[in-house]
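Residue numbers (the working numbering), protein chains in the order written: chain A, 1 to 385; chain B, 1 to 328.
Worth double-checking, as some hints may not be accurate.
As the list claims (entries may be wrong) - With beta-carbon atoms standing in for the labels, derived distance ranges:
1. F181(B) to E115(A): 23 to 31 Å
2. K93(A) to F181(B): 57 to 65 Å
3. E296(A) to A141(B): 40 to 48 Å
4. M308(B) to D59(A): 42 to 50 Å
5. I87(B) to Q38(A): 23 to 31 Å
6. E115(A) to F118(B): 46 to 54 Å
7. G91(B) to S283(A): 21 to 29 Å
8. P135(A) to W157(B): 19 to 27 Å
9. Q38(A) to L309(B): 27 to 35 Å
Unchecked claim - Derived pair list, reagent style SDA-like, types lysine to any residue, alpha-carbon separation capped at 20 Å:
10. K298(A) to Q293(B)
11. K93(A) to F37(B)
12. K163(A) to E191(A)
13. K133(A) to I87(B)
14. K158(B) to A114(A)
15. K28(A) to F165(B)
16. K133(A) to F165(B)
17. K133(A) to G317(B)
18. K158(B) to A116(A)
19. K51(A) to N205(B)
20. K51(A) to A291(B)
21. K93(A) to D39(B)
22. K133(A) to G153(B)
23. K133(A) to Q293(B)
24. K183(A) to W143(B)
25. K93(A) to G289(B)
26. K93(A) to K158(B)
27. K158(B) to E115(A)
Since the hints were derived computationally from the structure, they do not count as laboratory data. For glycine and all other residues, C-beta sits at the position ideal for the given N, C-alpha and C.
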Amino acid sequence: MKQSLYAGVAVAVMALLPAGAQAQGTVKIGIISAYSGQFADTANQIDNGIKLYMKQHGDTVAGKKIELIRKDTGGPNPAVAKRLAEELIVRDKVDILAGFTLTPEALGAAPVSAEAKKLLVDMNAATGIITTKSPYIVRTSFTLNQVANTLAEWAVKKGGVKKVYTMVSNFGPGIDAEQYFQKGFKAAGGEIVGSVRMPVANPDFSAFVQRAKDLNPESIFVFVPGGAQPAAIGKAFAERQMDPKKIKIMSTGEAVDETAVKALGDLALGRISGWHYDYNHHSKVNEDFVKAFNAEFKRNPDFFAVGGYDGMHLIYEALKKTGGKADGDSLIAAAKGMKWESPRGPVAIDDKREMVQDIYIRRVEKVDGKIVNVEFDTVKGVHAE
Amino acid sequence: MTDIPTVAPQLYLQSRSRWRPIEIVFWLATLLPFWLFPDYLSLASQIAVASLFALSLDLILGYAGVVSLGHAAFFGLGAYTAGLFSIYVWGEVFTGLIAGAAVAALVGYASSFIISRFRHLTLIMITLGLGLLLHEAANSAGWLTGGSDGLQGIEVWKVAGLFSFDLYGVTAYSYTLGVLFVVFLAARRLINSPFGLALRGIRENFVRMPAIGADSNSHIRKVYTISAALAGVAGALIAQTTQTVSLEALSFERSADVLVMLVLGGAGRLYGGLIGAAVFMIARDQFSGIAPQYWYFWIGILLVVVVMLLPNGILGGLSKIFARWSRR
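Please model the complete structure; the sequences and the hints are all you need to start from.
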């Protein structure tokens with residue numbers, strides 16, 4: 001009885017104290033992500049990365065307790081993301097904003113981060129301009145040009161390809177991928193023999209693939225959104241007898257992710273891709289990470305999960321450097337120039353607050369009866385443009 | 001509605017347009033957030049915008065019986081117009097609102113010629129289709145709209161040259177609430193006019209109205225244009241207060257959400273959209289705070305419960321209870 005009375009008094013005192021004093025012992029992180037709707041699985045994988053990091057490293061860093069507040073945007077909605085960012089800062093007094101499944105969310109919250117001078121950790125959204133919108137944004141995922149440009153240069157210089165036909169979905173990321181790939185390809189001395197933009201919703205790929213086949217190009221670059229489409233276009237290639245072993249079919253990593261490769265089976269063999277993370281990457285850090293991830297969530301991590309994991313690492317390390325000071329200026333200064341060994345390989349944060357990371361060139365192969373992406377070449381230390 | 005034959009039409013309309021005390025209390029209550037919930041003003045301003053949008057749908061759905069599943073088309077048009085206006089013309093907010101309303105009204109007027117020819121299921125399909133068309137058009141016109149990244153570089157001036165949009169949402173809420181109130185007054189006047197009465201007649205019997213001298217088609221064209229303009233104002237408000245516009249403003253989800261708000265609050269009642277928007281947005285905020293992944297489940301339950309227990313929405317239910325209580 002007496003105890004509960006004390007507890008009651010303690011709560012009352014806590015409530016009466018100004019918010020600043022209460023926040024002294026904690027660092028609050030507001031996670032803004034598309035937890036519901038079409039992109040919920042992406043948001044959940046980012047969240048799994050965050051959870052795993054906190055489980056492994058505890059919820060206290062530099063004497064501060066880390067507290068997460070999760071907010072759902074429901075999809076690519078910048079107005080909601082902006083309001084949530086404002087509310088998190090004004091109402092919940094968060095010190096750091098993080099998450100961001102989709103580019104519009106990050107762009108909505110970016111001005112709030114600039115105005116309130118709060119660190120914003122972009123754990124996934126991949127459009128180039130995001131980090132230019134506030135000096136307090138740091139990205140722990142990747143940018144499309146980092147991948148597409150690197151793959152294009154590699155294809156001409158080392159892959160022995162001189163001519164390419166590009167096929168992309170007609171929406172923001174698809175058009176970006178097309179432009180970065182074509183730019184890189186031409187700069188390296190290659191030739192674009194043609195390109196097509198396919199409808200983003202439920203396209204029939206067979207007509208597009210037939211058109212590509214008629215041109216008989218040396219190689220093809222493909223970009224389609226994740227989900228059911230990678231498998232569908234892979235099957236369309238097979239139906240038209242376009243063997244990835246004869247015509248080089250290249251893409252970014254989404255098109256040959258775990259689900260797509262499983263759905264395609266042998267049809268995926270020989271597909272080439274450039275990407276920054278795969279659960280099959282060979283390193284001690286990654287093997288431990290995959291093992292722990294599987295033990296916790298009963299599935300393999302993907303690049304979303306690693307973005308969340310590295311994002312938390314960045315926050316923890318930055319707080320250690322500042323001795324627990326959580327204002328935007330101290331944290332962003334601490335984040336710049338940071339280097340660490342991530343499950344994806346060696347990474348660093350450059351002056352533009354972007355990831356510097358290795359891009360792996362992989363081929364789909366059968367290893368011990370399992371169909372996986374095997375890394376066979378590495379482009380080291382790639383900067384986001 | 002049983003009291004209609006007993007009074008002269010002018011008197012009936014006059015009695016309808018008199019301000020009741022409850023209405024005054026309602027509008028005074030909208031000022032409470034400034035003192036009671038100063039941390040929730042951003043949410044309050046988005047509720048005001050959603051209310052305005054629901055009110056615009058109420059004019060066609062609740063009063064004229066025109067079912068639309070593509071009303072976001074006009075919301076998005078207003079939002080993109082206001083956004084582009086601030087980038088290419090100037091950042092003054094009131095002219096931006098007018099521009100947004102004008103473009104939405106223009107497109108509304110053009111499409112009203114199709115809309116007024118159909119009823120019921122056909123209409124749902126047509127409005128849905130028009131909404132999707134516009135969404136895809138905005139997606140393809142990436143050079144103008146920014147495509148799936150959203151429109152970049154919106155900068156609006158201070159409201160009336162004095163108040164800039166701040167982190168706490170004080171300006172945003174004052175501004176949106178002010179616009180909502182002005183638009184509401186206009187809508188209230190419209191509904192309590194002979195024109196509004198004719199609209200209700202059309203809702204009850206589309207074919208019979210021309211027989212008593214009110215051309216259904218031309219009435220629907222007018223109200224559809226007005227409704228589109230109001231939806232455009234709502235869109236322009238969201239673009240100005242958040243300084244972002246994305247394809248989401250044109251999405252099917254937005255059309256569906258506003259319908260849900262109206263059904264929750266009670267269609268065919270001036271305050272239905274306002275109450276519905278407030279209940280929906282606050283429920284959404286609270287539920288998604290508790291369970292960011294599964295909050296739609298609770299919204300679903302709320303909707304099912306309201307529709308089953310209160311078939312005419314929250315307001316319909318309340319007025320029924322009130323009527324039963326006052327009869328005793």
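Consistency of the hints with the structure:
1. At roughly 28 Å, the beta carbons of F181(B) and E115(A) sit within the given window of 23 to 31 Å.
2. Checked against the hint of 57 to 65 Å, the C-beta distance between K93(A) and F181(B) comes to roughly 32 Å, which is inconsistent with it.
3. For E296(A) and A141(B), the hinted distance range of 40 to 48 Å is satisfied, since their beta carbons lie about 44 Å from each other.
4. With their beta carbons about 44 Å apart, M308(B) and D59(A) fall inside the hinted range of 42 to 50 Å.
5. The hinted range of 23 to 31 Å is satisfied by I87(B) and Q38(A), whose Cβ atoms lie roughly 29 Å apart.
6. At about 48 Å, the CB distance of E115(A) to F118(B) agrees with the hint of 46 to 54 Å.
7. Between G91(B) and S283(A) the Cβ separation comes to about 51 Å, which falls outside the hinted range of 21 to 29 Å.
8. Under the hint 19 to 27 Å, the C-beta atoms of P135(A) and W157(B), about 24 Å apart, fit the expected range.
9. Taken as a hint, the range 27 to 35 Å holds for the pair Q38(A) and L309(B), whose Cβ atoms sit roughly 31 Å apart.
10. A distance of roughly 19 Å separates the Cα atoms of K298(A) and Q293(B); the hinted pair therefore holds under the 20 Å criterion.
11. Between K93(A) and F37(B), the direct Cα distance comes to roughly 15 Å. Compliance with the 20 Å bound is thereby established for this hinted pair.
12. Of the supplied pair hints, the one linking K163(A) and E191(A) holds, its CA atoms being roughly 5 Å apart against a limit of 20 Å.
13. Distance check on the hinted pair: K133(A) and I87(B) sit about 17 Å apart at the alpha-carbon level, within 20 Å; holds.
14. With a CA separation close to 19 Å, the supplied pair K158(B) and A114(A) stays within the 20 Å bound.
15. Restraint check for K28(A) and F165(B): the C-alpha separation of about 25 Å exceeds 20 Å, so the hint is violated.
16. Annotation: proposed proximity of K133(A) to F165(B) holds, straight-line Cα distance about 18 Å (limit 20 Å).
17. Between K133(A) and G317(B) the CA atoms are separated by roughly 48 Å; this puts the pair beyond 20 Å, and the hint is violated.
18. Using a Cα cut-off of 20 Å, the hinted pair K158(B) and A116(A) holds, with the two alpha carbons roughly 19 Å apart.
19. The straight-line distance between the Cα atoms of K51(A) and N205(B) is roughly 59 Å, outside the 20 Å bound, and the hint therefore fails.
20. Between K51(A) and A291(B), the direct Cα distance comes to roughly 16 Å. Compliance with the 20 Å bound is thereby established for this hinted pair.
21. Pair hint K93(A) plus D39(B) holds up; C-alpha atoms about 11 Å apart against a cutoff of 20 Å.
22. A C-alpha spacing of about 10 Å is found between K133(A) and G153(B), which places the hinted pair at or below 20 Å, so the restraint holds.
23. Proposed proximity of K133(A) and Q293(B) is contradicted: the alpha carbons are some 28 Å apart, above 20 Å.
24. Proposed proximity of K183(A) and W143(B) is supported: the alpha carbons are some 19 Å apart, at most 20 Å.
25. For the given pair, K93(A) sits about 15 Å from G289(B) by alpha-carbon distance, which is consistent with the 20 Å threshold.
26. Distance hint between K93(A) and K158(B) is unfulfilled; the C-alpha atoms sit about 26 Å from each other, more than 20 Å.
27. For the hint linking K158(B) to E115(A), the alpha-carbon distance of about 16 Å falls within 20 Å, and the restraint holds.
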